[in-house]
Amino acid sequence: MTVTPAELSAQLLTIVDGALERRGESTLTVGIDDVSLERPKNRDHGDWASNIAMKLAKPLGTNPRQLADELAEGIRSIHGVASVDVAGPGFINVTLDAAAAGALAKTIVEEGAAFGRGTLYSGVRINLEFVSANPTGPIHLGGVRWAAVGDSLARIFDAVGGEVTREYYFNDHGLQIDRFARSLLASYLVEPAPEDGYGGQYISEIKDRVVAAFPDDLAVMPRDQQQEVFRAYGVDFMFADIKKSLHDFGVDFDVYFHENNLHESGDVERAITRLRDNGHIFEADSATWFRSTDFGDDKDRVVIKSDGEAGYISGDLAYYLNKRERGYERNLIMLGADHHGYVRRLMAMTSAFGDEPYVNLEILIGQMVNLVKDGVPQRMSKRAGTVVVLEDLVEAVGVDAARYALVRSSIDQQLDIDLDLLTKRTNDNPVFYVQYAHARTHSVARNAAASGVDRSAFDASLLTHETESTLLGVLAEFPRVVTQAAELREPHRVARYAEELAGNYHRWYDSCRVTPLGDEPVTDLHRTRLWLNDATGTVLRNALGLLGVSAPERM
RNA sequence: GCGCCCGUAGCUCAGCGGAUAGAGCAAUUGACUACGGAUCAAUAGGUCGGGGGUUCAAAUCCCUCCGGGCGCACCA
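Going by the working numbering, the first sequence runs without a break in its numbering and finishes at 555.
Hints listed in this document are in silico derivations from the structure and should not be mistaken for laboratory results.
Note that this is a predicted model, so its numbers are computed, not measured.
One thing to keep in mind: the hints can contain errors.
Said to hold, decoys possible - Each computed DSSO-like pair below joins lysine-lysine, with the alpha-carbon atoms no more than 30 Å apart: (1) LYS106 x LYS55; (2) LYS41 x LYS58; (3) LYS243 x LYS41; (4) LYS244 x LYS373; (5) LYS41 x LYS55.
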């Protein structure tokens, strides 16, 4: 019978409640989070530790060690607990017996891909918008980061029961697109690129494709019609390219939402009307404004400009309402640090619609990606030809290495990408360390089969080696890591966990053999270890899966 | 000036208010006639940017100062 940290926590909660009851304490409530056990860094402190006695000592007006002793007494009677010690200022250290801890290996193998999944967002409809790069050029390094992180986050939400929609906001309305069209046209007419336009090789390539695809004679058309052709065809081509490169990167969106729809469907007017009805709209300087300062924004925002055109925020208003009407209770948008100024106005909008900011709408701000060469940050410049786009990155290091490098750091941290480093010194990217560990589990399993070791027996009490109990402890943490990554919106936790697991596996491999040496007989210890080996492979595969990184069986 | 993020080992970065702050790379030294050496073991390397505060306990929370990045339009 398996003893998981979750079960242990639940039982500890009962014990704590009992202690509170004996004291006649009714005002103090203790939740499951308060008693969640942590894995001590130091092995001498047992398999699991709780600080609950220290937390409760003060409100109860008691001595933490005394309380800990009392709780420890109860914990000793839990099935599978080998020993309980009270240490330091009042830590309760729990050591499991080998059989109870080791049973997990079998559980994991039997659960397979389901191990690690949770229920945090069961049935919750989540809309996760990310990348959303303008279709005016290929996806740059920054956008690639959001692609990797966003997709991984979506996988994690899915793993904890969320009904996730990956959404790409396709900005096909407004000035940027005009500039793009004018740039294509200029290229076609062999004129210099517009001052505010786009340059680069891809412009001329797209131009050629438009010319090839357009059925009629472009040359005889008036200039404004030519530009319209380049706009319509060019955007489609660019967009198809973006879709394809994202797909090749392992990122597929469920919804590509066209901003134009919001303007054409009347959603924008409806959104403004709704705000007006709620009294949040005013007229000034012949423009129409949203009084966002009523909701904490630092200035009011123009929704209809004095020239009658919709202000930028109008699209956001309509888009948010549209998402809400499509039934998403949680809407997340990932943006780069250069957009962090939007957060306040978008939260003001959320409040103005009567929703709860930071709950119904959440903006995840990720810091910028720098291209580094020989330790020196490179200014990414189109003219200097130092722009790195999605395809460049994948071509240089491959999808797995690229995704892993982008997802293993906190998004709060600026990220340096050194292509030479990632390419030449592959050890600098721990993805290979993790993948190798996974490949090794399969290699071991193949050898085991060849030596006649199978999973016909399982005796967890045999898993007594130090590296085995450590490995089991790490395996047991996986579900919590996934849940925490979902709660905090931090996929990098899964990557770091995978590295830790891989390290513990390698160490175990080094000291515990699954296949017998020479003519030694096959024993139940070998068979049981095969379960542990396979369990580790399963968890490594599950973890890499959450990152969108492959788990090769051979390397 | 205001706002957001960052400052942890030589470098790149983890670190959920807890026990002796960790990993990879780089450095030094070991381990293959043992399931793959893309591995493992060991050594060295830290005023957790500075200063206050809260707490039984602070890298973690609060205040402040100093550095670095980014942003503050009737542009999108």
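Evaluated hints:
{"no.": "1", "hint": "LYS106 x LYS55", "verdict": "violated, 35 Å"}
{"no.": "2", "hint": "LYS41 x LYS58", "verdict": "holds, 26 Å"}
{"no.": "3", "hint": "LYS243 x LYS41", "verdict": "violated, 44 Å"}
{"no.": "4", "hint": "LYS244 x LYS373", "verdict": "holds, 28 Å"}
{"no.": "5", "hint": "LYS41 x LYS55", "verdict": "holds, 20 Å"}
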